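Peer 1: Position one of the sequence shown corresponds to residue 1 (the working numbering), numbered consecutively onward.
Worth flagging that the hints you see were computed from the coordinates, not collected in a lab. All of these numbers come straight from a predicted model, not from anything done at the bench.
DEER-style ranges, computed between Cβ atoms:
1) Gln146 / Leu113: 30 to 36 Å
2) Ser96 / Pro136: 22 to 28 Å
3) Pro105 / Ile18: 25 to 31 Å
4) Arg81 / Thr126: 18 to 24 Å
A virtual CB, placed ideally from N, CA and C, is assigned to each residue, including glycine.
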Amino acid sequence: MTLDPMDESLKRLADDAIAAEAVRQIGHEAWLYQRSAESSHLLGVLLDLAERNEPVTLLLASGTQRQGHVELVGRDVVGLRTSQGKRSLFALKHLSAVIPDPAAPEIIGDRELTAEQTDRLPHFHTVLEELLEDPPLVAATMAGRQEPVVGSFIRLGLNVLVIRQADGSSAHIPVAALEEFAL
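Take the sequences, apply the hints, and build the full model.
Peer 2: The structure is reproduced here in structure tokens:
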């Protein structure tokens, strides 16, 4: 069957309209993705990783890196559980990069956090206070140091914590200096 020229013109016009709409839709989706990426923030990235339980590598300012799964996200702290089951806390200000597993779906971290939601996120100091209920053996690494202070976490003040070392001496460490607090 042969289409008459008018039908062919209408078909071409309809096909062109469908193609134009598809291009517009792709452009709109790209624009939405770009807007989403521009709204990305560190807490959003960490919360997405925690919810998805995706493997992650944290690069620290000291040059070390830690791998595991995000277990805790606070205003100024992130908690990681390694594949060996060890837990560590990291001050956000000492993170150089957060690298999700390359096999995982892309993390954008664009969720909006209201002031109320942000207020509910714990501070590093609050997380440390909770640990004192059952004081653990810890390894505290400070910014600019490679070797941790190891011992029993025995006390927490306003801005300093105390670790009793194996030789009986006490190390008084400014909380602000903590890069990693390994449990």
